Amino acid sequence: MSDDDNSPISAREAKQLFAGLKSAPALVLAVSGGPDSVALMWLAARWRRSFSRAPRLLVVTVDHGLRPEAAREAREVKRLAAELGLPHRTLRWRGEKPKTGLPAAAREARYRLLAETARKAGASHVLTAHTRDDQAETLLMRMLRGSGLAGLSAMARLSTRDGVVLARPLLDVPKSQLVATLRRAKIGFADDPTNRDANFTRPRLRALLPQLAAEGGDARSLARLASRLARANAAVEVLADGAERFLRLRDRGDASQAAGRSFEASAFALLPEEVRLRLLLRAIDALGHEGPAELGKVETLLAALDRAIAADRPASRRAPANGRAILKQTLAGALISLAGGRIHIAPAPARRSKGR
1 MSDDDNSPIS AREAKQLFAG LKSAPALVLA VSGGPDSVAL MWLAARWRRS FSRAPRLLVV
61 TVDHGLRPEA AREAREVKRL AAELGLPHRT LRWRGEKPKT GLPAAAREAR YRLLAETARK
121 AGASHVLTAH TRDDQAETLL MRMLRGSGLA GLSAMARLST RDGVVLARPL LDVPKSQLVA
181 TLRRAKIGFA DDPTNRDANF TRPRLRALLP QLAAEGGDAR SLARLASRLA RANAAVEVLA
241 DGAERFLRLR DRGDASQAAG RSFEASAFAL LPEEVRLRLL LRAIDALGHE GPAELGKVET
301 LLAALDRAIA ADRPASRRAP ANGRAILKQT LAGALISLAG GRIHIAPAPA RRSKGR
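Here my numbering is used: the first residue of the sequence shown is 1, the next is one more, and so on.
Don't read these hints as lab results, they were simulated from the structure. There may be inaccurate statements among the hints.
Claimed, not checked - Lysine to aspartate or glutamate pairs mimicking DMTMM-like chemistry, simulated, CA-CA at most 25 Å apart: (1) K120 to D172; (2) K186 to D312; (3) K97 to E69; (4) K328 to E264; (5) K297 to D312; (6) K175 to D4; (7) K186 to E299; (8) K99 to E294; (9) K99 to E83; (10) K22 to E96; (11) K78 to D63; (12) K99 to D5; (13) K297 to E237.
Keep in mind that this is a model prediction, so the values were computed, not measured.
Whole structure, please, built from the sequences with the hints as guidance.
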(Lines of atoms letter the chains of each structure in order from A and count residues from 1; the text may use other names and numbers.)
(Lines give C-alpha, C1' and ligand atoms only; values in the text may rest on other atoms or scores of the structure.)
Protein backbone atom coordinates (compact mmCIF):
# COMPACT_ATOMS: atom_id res chain seq x y z
CA MET A 1 0.00 0.00 0.00
CA SER A 2 0.98 3.65 -0.43
CA ASP A 3 2.97 5.32 2.34
CA ASP A 4 0.64 8.32 2.05
CA ASP A 5 -2.21 7.70 4.50
CA ASN A 6 -4.39 10.26 2.72
CA SER A 7 -3.99 9.06 -0.87
CA PRO A 8 -6.81 7.17 -2.65
CA ILE A 9 -6.27 3.46 -3.27
CA SER A 10 -5.27 2.78 -6.86
CA ALA A 11 -6.64 -0.04 -9.03
CA ARG A 12 -3.28 -1.81 -8.77
CA GLU A 13 -3.32 -1.60 -4.98
CA ALA A 14 -6.89 -2.90 -4.91
CA LYS A 15 -5.81 -5.97 -6.90
CA GLN A 16 -3.18 -6.68 -4.26
CA LEU A 17 -5.74 -6.40 -1.46
CA PHE A 18 -8.02 -9.05 -2.96
CA ALA A 19 -5.41 -11.16 -4.76
CA GLY A 20 -5.79 -14.22 -2.53
CA LEU A 21 -9.56 -14.39 -3.08
CA LYS A 22 -9.64 -14.76 -6.86
CA SER A 23 -10.40 -18.51 -6.78
CA ALA A 24 -13.23 -18.30 -4.24
CA PRO A 25 -16.66 -19.35 -5.59
CA ALA A 26 -18.48 -16.48 -3.89
CA LEU A 27 -17.78 -13.79 -1.32
CA VAL A 28 -20.08 -12.10 1.19
CA LEU A 29 -19.28 -8.42 1.79
CA ALA A 30 -20.34 -7.12 5.20
CA VAL A 31 -21.39 -3.51 4.50
CA SER A 32 -22.95 -1.31 7.18
CA GLY A 33 -22.95 1.94 5.22
CA GLY A 34 -20.02 3.59 6.98
CA PRO A 35 -16.94 4.72 5.05
CA ASP A 36 -14.84 1.60 5.67
CA SER A 37 -17.41 -0.94 4.50
CA VAL A 38 -18.67 1.21 1.60
CA ALA A 39 -15.06 1.48 0.42
CA LEU A 40 -14.72 -2.30 0.74
CA MET A 41 -17.78 -2.76 -1.48
CA TRP A 42 -16.62 -0.22 -4.08
CA LEU A 43 -13.07 -1.62 -4.22
CA ALA A 44 -14.31 -5.23 -4.43
CA ALA A 45 -16.72 -4.36 -7.25
CA ARG A 46 -13.92 -2.61 -9.20
CA TRP A 47 -11.55 -5.53 -8.56
CA ARG A 48 -14.14 -8.06 -9.74
CA ARG A 49 -14.56 -6.24 -13.05
CA SER A 50 -10.84 -6.56 -13.77
CA PHE A 51 -10.99 -10.23 -14.84
CA SER A 52 -13.49 -12.50 -16.56
CA ARG A 53 -13.87 -15.43 -14.16
CA ALA A 54 -14.47 -13.80 -10.80
CA PRO A 55 -16.15 -14.78 -7.55
CA ARG A 56 -19.79 -13.87 -7.14
CA LEU A 57 -20.23 -10.99 -4.69
CA LEU A 58 -23.15 -10.66 -2.27
CA VAL A 59 -23.50 -7.49 -0.20
CA VAL A 60 -25.05 -8.01 3.24
CA THR A 61 -26.12 -5.34 5.74
CA VAL A 62 -26.99 -6.32 9.31
CA ASP A 63 -29.61 -4.14 10.99
CA HIS A 64 -29.19 -4.68 14.73
CA GLY A 65 -32.43 -2.85 15.50
CA LEU A 66 -30.59 -0.47 17.82
CA ARG A 67 -30.88 2.80 15.86
CA PRO A 68 -33.82 4.17 13.88
CA GLU A 69 -31.44 5.34 11.15
CA ALA A 70 -30.17 1.81 10.48
CA ALA A 71 -33.04 0.85 8.14
CA ARG A 72 -32.45 3.96 6.00
CA GLU A 73 -28.72 3.26 5.89
CA ALA A 74 -29.41 -0.33 4.76
CA ARG A 75 -31.59 1.00 1.93
CA GLU A 76 -28.79 3.36 0.87
CA VAL A 77 -26.32 0.45 0.80
CA LYS A 78 -28.80 -1.50 -1.32
CA ARG A 79 -29.07 1.42 -3.74
CA LEU A 80 -25.31 1.76 -4.10
CA ALA A 81 -24.87 -2.01 -4.46
CA ALA A 82 -27.42 -1.97 -7.30
CA GLU A 83 -25.46 0.81 -9.03
CA LEU A 84 -22.38 -1.39 -8.80
CA GLY A 85 -24.29 -4.38 -10.17
CA LEU A 86 -24.20 -6.32 -6.88
CA PRO A 87 -27.05 -8.18 -5.14
CA HIS A 88 -27.88 -7.06 -1.60
CA ARG A 89 -29.62 -8.49 1.46
CA THR A 90 -30.54 -6.90 4.76
CA LEU A 91 -30.42 -9.16 7.83
CA ARG A 92 -32.07 -8.24 11.12
CA TRP A 93 -31.00 -9.12 14.64
CA ARG A 94 -34.32 -9.97 16.22
CA GLY A 95 -35.22 -10.71 19.81
CA GLU A 96 -34.53 -9.06 23.13
CA LYS A 97 -31.27 -7.13 23.43
CA PRO A 98 -29.06 -7.47 26.54
CA LYS A 99 -28.83 -4.55 28.96
CA THR A 100 -25.08 -5.10 29.49
CA GLY A 101 -22.37 -6.16 27.08
CA LEU A 102 -24.37 -4.87 24.12
CA PRO A 103 -21.44 -4.28 21.69
CA ALA A 104 -20.13 -7.83 22.20
CA ALA A 105 -23.61 -9.35 21.84
CA ALA A 106 -24.26 -7.34 18.68
CA ARG A 107 -20.92 -8.45 17.25
CA GLU A 108 -21.70 -12.12 17.94
CA ALA A 109 -25.13 -11.76 16.35
CA ARG A 110 -23.65 -10.03 13.31
CA TYR A 111 -21.06 -12.73 12.67
CA ARG A 112 -23.62 -15.49 13.20
CA LEU A 113 -26.01 -13.95 10.66
CA LEU A 114 -23.20 -13.32 8.16
CA ALA A 115 -21.91 -16.89 8.44
CA GLU A 116 -25.40 -18.34 8.00
CA THR A 117 -25.95 -16.24 4.88
CA ALA A 118 -22.56 -17.19 3.45
CA ARG A 119 -23.25 -20.90 3.86
CA LYS A 120 -26.66 -20.58 2.19
CA ALA A 121 -25.17 -18.56 -0.69
CA GLY A 122 -22.31 -21.00 -1.24
CA ALA A 123 -19.75 -18.35 -0.28
CA SER A 124 -16.42 -19.48 1.13
CA HIS A 125 -15.51 -16.14 2.73
CA VAL A 126 -17.10 -13.26 4.61
CA LEU A 127 -15.19 -10.02 4.04
CA THR A 128 -15.23 -7.31 6.70
CA ALA A 129 -13.80 -3.79 6.44
CA HIS A 130 -11.60 -3.75 9.57
CA THR A 131 -8.78 -1.27 9.08
CA ARG A 132 -5.40 -0.55 10.60
CA ASP A 133 -7.13 1.89 12.96
CA ASP A 134 -9.46 -0.89 14.15
CA GLN A 135 -6.46 -3.15 14.72
CA ALA A 136 -4.77 -0.50 16.88
CA GLU A 137 -7.94 0.00 18.94
CA THR A 138 -8.38 -3.76 19.39
CA LEU A 139 -4.81 -4.09 20.66
CA LEU A 140 -5.37 -1.29 23.19
CA MET A 141 -8.63 -2.83 24.42
CA ARG A 142 -7.00 -6.20 24.93
CA MET A 143 -3.96 -4.70 26.65
CA LEU A 144 -6.23 -3.00 29.16
CA ARG A 145 -8.07 -6.28 29.77
CA GLY A 146 -4.81 -8.07 30.49
CA SER A 147 -5.00 -10.42 27.50
CA GLY A 148 -2.28 -12.97 26.90
CA LEU A 149 -0.06 -13.28 23.85
CA ALA A 150 -2.82 -14.77 21.69
CA GLY A 151 -5.24 -11.95 22.52
CA LEU A 152 -2.61 -9.25 21.95
CA SER A 153 -2.11 -10.58 18.43
CA ALA A 154 -5.42 -8.76 17.86
CA MET A 155 -7.30 -9.52 14.62
CA ALA A 156 -5.99 -11.98 12.04
CA ARG A 157 -6.19 -11.34 8.32
CA LEU A 158 -7.84 -14.74 7.90
CA SER A 159 -9.69 -16.78 10.52
CA THR A 160 -12.42 -19.40 10.56
CA ARG A 161 -15.78 -18.81 12.19
CA ASP A 162 -18.84 -21.09 12.05
CA GLY A 163 -17.41 -22.99 9.09
CA VAL A 164 -16.72 -19.86 7.01
CA VAL A 165 -13.44 -18.03 6.44
CA LEU A 166 -13.51 -14.50 7.83
CA ALA A 167 -11.24 -12.26 5.73
CA ARG A 168 -10.06 -8.73 6.51
CA PRO A 169 -8.39 -7.48 3.32
CA LEU A 170 -8.15 -3.87 4.58
CA LEU A 171 -6.37 -4.67 7.84
CA ASP A 172 -3.18 -2.82 6.80
CA VAL A 173 -5.08 0.13 5.28
CA PRO A 174 -5.66 3.34 7.30
CA LYS A 175 -9.21 4.63 7.47
CA SER A 176 -8.09 7.95 6.01
CA GLN A 177 -7.12 6.23 2.74
CA LEU A 178 -10.57 4.68 2.44
CA VAL A 179 -12.23 8.05 3.00
CA ALA A 180 -9.94 9.59 0.37
CA THR A 181 -10.85 6.80 -2.05
CA LEU A 182 -14.58 7.43 -1.63
CA ARG A 183 -14.18 11.19 -1.95
CA ARG A 184 -12.32 10.83 -5.24
CA ALA A 185 -15.07 8.48 -6.50
CA LYS A 186 -17.71 10.92 -5.19
CA ILE A 187 -19.45 8.22 -3.15
CA GLY A 188 -21.29 9.13 0.04
CA PHE A 189 -21.38 7.14 3.27
CA ALA A 190 -23.20 7.10 6.58
CA ASP A 191 -21.98 8.44 9.89
CA ASP A 192 -22.78 6.12 12.81
CA PRO A 193 -22.95 8.25 16.02
CA THR A 194 -22.31 5.17 18.20
CA ASN A 195 -18.70 5.31 16.93
CA ARG A 196 -18.31 8.40 19.13
CA ASP A 197 -20.53 7.28 22.03
CA ALA A 198 -18.40 7.56 25.17
CA ASN A 199 -20.63 5.02 26.91
CA PHE A 200 -18.67 2.32 25.06
CA THR A 201 -15.01 1.37 25.51
CA ARG A 202 -13.86 1.48 21.89
CA PRO A 203 -14.97 5.10 21.22
CA ARG A 204 -13.29 6.22 24.46
CA LEU A 205 -10.02 4.61 23.38
CA ARG A 206 -10.44 6.03 19.88
CA ALA A 207 -10.56 9.52 21.39
CA LEU A 208 -7.20 8.85 23.10
CA LEU A 209 -5.38 7.86 19.91
CA PRO A 210 -4.29 11.41 18.95
CA GLN A 211 -2.57 11.77 22.33
CA LEU A 212 -0.89 8.38 21.95
CA ALA A 213 0.18 9.28 18.43
CA ALA A 214 1.92 12.38 19.79
CA GLU A 215 4.04 10.03 21.93
CA GLY A 216 4.84 7.75 18.99
CA GLY A 217 1.98 5.31 19.57
CA ASP A 218 0.03 5.96 16.39
CA ALA A 219 -2.15 3.38 14.65
CA ARG A 220 0.71 2.28 12.38
CA SER A 221 2.99 1.54 15.36
CA LEU A 222 0.27 -0.24 17.33
CA ALA A 223 -0.74 -2.37 14.34
CA ARG A 224 2.92 -3.25 13.78
CA LEU A 225 3.15 -4.34 17.42
CA ALA A 226 0.07 -6.54 16.99
CA SER A 227 1.67 -8.12 13.91
CA ARG A 228 4.88 -8.89 15.81
CA LEU A 229 2.95 -10.36 18.70
CA ALA A 230 0.99 -12.52 16.24
CA ARG A 231 4.29 -13.79 14.85
CA ALA A 232 5.51 -14.68 18.35
CA ASN A 233 2.17 -16.30 19.16
CA ALA A 234 2.41 -18.49 16.05
CA ALA A 235 5.87 -19.65 17.15
CA VAL A 236 4.62 -20.58 20.63
CA GLU A 237 1.73 -22.50 19.06
CA VAL A 238 4.27 -24.59 17.10
CA LEU A 239 6.15 -25.29 20.35
CA ALA A 240 2.89 -26.29 22.06
CA ASP A 241 2.06 -28.64 19.18
CA GLY A 242 5.45 -30.31 19.53
CA ALA A 243 5.14 -30.56 23.30
CA GLU A 244 1.71 -32.15 22.99
CA ARG A 245 3.04 -34.76 20.55
CA PHE A 246 5.98 -35.43 22.89
CA LEU A 247 3.74 -36.01 25.89
CA ARG A 248 1.39 -38.25 23.93
CA LEU A 249 4.28 -40.37 22.66
CA ARG A 250 5.44 -40.89 26.23
CA ASP A 251 1.90 -41.90 27.17
CA ARG A 252 1.27 -44.24 24.24
CA GLY A 253 -0.96 -47.07 25.38
CA ASP A 254 -1.90 -45.37 28.65
CA ALA A 255 -5.48 -46.40 29.46
CA SER A 256 -6.29 -43.09 31.18
CA GLN A 257 -6.18 -41.27 27.82
CA ALA A 258 -9.48 -42.90 26.82
CA ALA A 259 -11.43 -40.91 29.41
CA GLY A 260 -9.80 -37.58 28.58
CA ARG A 261 -6.21 -36.40 28.50
CA SER A 262 -3.43 -37.42 30.82
CA PHE A 263 0.10 -36.06 31.11
CA GLU A 264 3.08 -37.41 33.01
CA ALA A 265 3.55 -34.69 35.63
CA SER A 266 7.36 -34.77 35.69
CA ALA A 267 7.59 -34.40 31.88
CA PHE A 268 4.90 -31.68 31.89
CA ALA A 269 6.83 -29.72 34.54
CA LEU A 270 9.92 -29.52 32.30
CA LEU A 271 8.11 -27.53 29.61
CA PRO A 272 8.18 -23.69 29.44
CA GLU A 273 5.40 -22.03 31.45
CA GLU A 274 3.62 -20.56 28.41
CA VAL A 275 3.59 -23.98 26.71
CA ARG A 276 2.23 -25.68 29.86
CA LEU A 277 -0.45 -23.03 30.05
CA ARG A 278 -1.52 -23.61 26.44
CA LEU A 279 -1.65 -27.38 26.87
CA LEU A 280 -3.97 -26.94 29.84
CA LEU A 281 -6.12 -24.43 27.93
CA ARG A 282 -6.42 -26.78 24.96
CA ALA A 283 -7.39 -29.75 27.11
CA ILE A 284 -9.90 -27.81 29.22
CA ASP A 285 -11.53 -26.18 26.19
CA ALA A 286 -11.72 -29.55 24.40
CA LEU A 287 -13.16 -31.51 27.32
CA GLY A 288 -15.04 -28.90 29.36
CA HIS A 289 -18.69 -28.11 28.74
CA GLU A 290 -18.95 -24.55 30.06
CA GLY A 291 -17.33 -22.54 27.28
CA PRO A 292 -13.73 -21.33 26.89
CA ALA A 293 -11.70 -21.17 30.08
CA GLU A 294 -10.63 -17.74 31.33
CA LEU A 295 -6.89 -17.22 30.98
CA GLY A 296 -6.50 -15.87 34.53
CA LYS A 297 -8.19 -18.91 36.04
CA VAL A 298 -6.02 -21.29 34.03
CA GLU A 299 -2.94 -19.37 35.20
CA THR A 300 -4.08 -19.86 38.81
CA LEU A 301 -4.67 -23.55 38.13
CA LEU A 302 -1.21 -23.95 36.59
CA ALA A 303 0.43 -22.31 39.61
CA ALA A 304 -1.43 -24.73 41.91
CA LEU A 305 -0.41 -27.68 39.72
CA ASP A 306 3.23 -26.58 39.72
CA ARG A 307 3.24 -26.37 43.53
CA ALA A 308 1.56 -29.75 43.87
CA ILE A 309 3.95 -31.41 41.39
CA ALA A 310 6.97 -29.96 43.22
CA ALA A 311 5.63 -31.15 46.59
CA ASP A 312 4.82 -34.61 45.19
CA ARG A 313 8.05 -35.07 43.22
CA PRO A 314 9.75 -37.59 45.58
CA ALA A 315 6.53 -39.61 45.84
CA SER A 316 5.64 -39.42 42.15
CA ARG A 317 8.11 -42.20 41.35
CA ARG A 318 5.60 -44.60 42.82
CA ALA A 319 1.83 -44.34 42.51
CA PRO A 320 0.01 -44.01 45.86
CA ALA A 321 -1.59 -47.22 46.93
CA ASN A 322 -5.00 -45.63 47.34
CA GLY A 323 -4.73 -43.53 44.12
CA ARG A 324 -5.84 -40.45 46.06
CA ALA A 325 -5.61 -37.17 44.15
CA ILE A 326 -3.24 -34.57 45.55
CA LEU A 327 -5.06 -31.85 43.62
CA LYS A 328 -8.58 -31.92 42.24
CA GLN A 329 -10.33 -28.93 40.68
CA THR A 330 -13.06 -28.14 38.18
CA LEU A 331 -12.74 -25.34 35.65
CA ALA A 332 -14.99 -24.46 32.69
CA GLY A 333 -16.74 -27.81 32.91
CA ALA A 334 -13.53 -29.87 33.04
CA LEU A 335 -12.14 -31.88 35.97
CA ILE A 336 -8.39 -31.50 36.51
CA SER A 337 -6.58 -33.72 38.99
CA LEU A 338 -3.06 -34.75 39.98
CA ALA A 339 -2.65 -38.31 41.22
CA GLY A 340 0.05 -40.96 40.96
CA GLY A 341 2.45 -38.57 39.27
CA ARG A 342 0.02 -37.80 36.46
CA ILE A 343 -2.18 -34.86 35.49
CA HIS A 344 -5.64 -35.93 34.33
CA ILE A 345 -8.14 -33.72 32.48
CA ALA A 346 -11.63 -35.08 31.81
CA PRO A 347 -15.19 -33.76 31.48
CA ALA A 348 -16.53 -32.76 34.88
CA PRO A 349 -19.75 -34.38 36.11
CA ALA A 350 -22.83 -32.28 35.37
CA ARG A 351 -23.75 -29.95 38.20
CA ARG A 352 -26.86 -30.80 40.15
CA SER A 353 -29.65 -28.25 39.99
CA LYS A 354 -30.38 -26.34 43.22
CA GLY A 355 -33.86 -27.80 43.36
CA ARG A 356 -32.52 -31.30 43.93
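Which of the numbered hints above does this structure break?
1, 2, 7, 9, 10, 12
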